[in-house]
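Trainee: Sequence:
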Amino acid sequence: MTIEEAQHTVDQWITTTGVRYFNELTNMAMLTEEVGEVARIIARQYGEQSFKESDKDKVLADELADVLFVVICLANQTGVDLTEALRRNLDKKTQRDATRHQQNEKLR
1 MTIEEAQHTV DQWITTTGVR YFNELTNMAM LTEEVGEVAR IIARQYGEQS FKESDKDKVL
61 ADELADVLFV VICLANQTGV DLTEALRRNL DKKTQRDATR HQQNEKLR
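Just so it is clear: in the sequence shown, position 104 is 104 by UniProt numbering, and no numbers are missing.
It should be emphasised that the hints constitute simulated quantities derived from the structure, not laboratory data. Mixed in with the good hints there might be a few duds.
[Said to hold, decoys possible] As a list, the in silico DSBU-like pairs of lysine-lysine whose alpha-carbon atoms are at most 35 Å apart:
| no. | residue 1 | residue 2 |
| --- | --- | --- |
| 1 | LYS93 | LYS58 |
| 2 | LYS106 | LYS93 |
| 3 | LYS106 | LYS92 |
| 4 | LYS58 | LYS106 |
From just these sequences and the hints, can you work out the full model?
Mentor: Shown next, in the form of structure tokens:
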């Protein structure tokens with residue numbers, strides 16, 4: 001699925017199954033919540049925290065997909081073409097960081 005297809009698919013789901021988009025502030029709060037769930041899994045799976053019994057059924061891929069879903073919702077409702085936005089963002093990073101990371105001693 002392309003990013004464009006994902007934006008269309010999420011929009012179709014929202015307008016049929018989801019009834020309507022939550023407002024932007026609600027979606028921002030939901031995004032924060034979903035990112036927190038990703039952080040919780042990362043802290044336990046790759047960090048030093050141990051899993052609680054209530055965390056054991058959490059799947060990183062599912063939580064990352066929740067983050068992506070809400071990001072797509074925010075893009076759709078604010079008129080952002082994520083394909084073009086990502087393309088421009090990568091161009092910016094490429095120009096800005098053309099040699100920065102290769103010259104970073106910390107990355108070697």
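Trainee: It remains to establish, for every hint, whether it holds in the given structure.
Mentor: The hints, checked one at a time:
no. : hint           : result
1   : LYS93 / LYS58  : holds, 33 Å
2   : LYS106 / LYS93 : holds, 19 Å
3   : LYS106 / LYS92 : holds, 22 Å
4   : LYS58 / LYS106 : holds, 33 Å
Violated hints: none; the structure is consistent with every hint.
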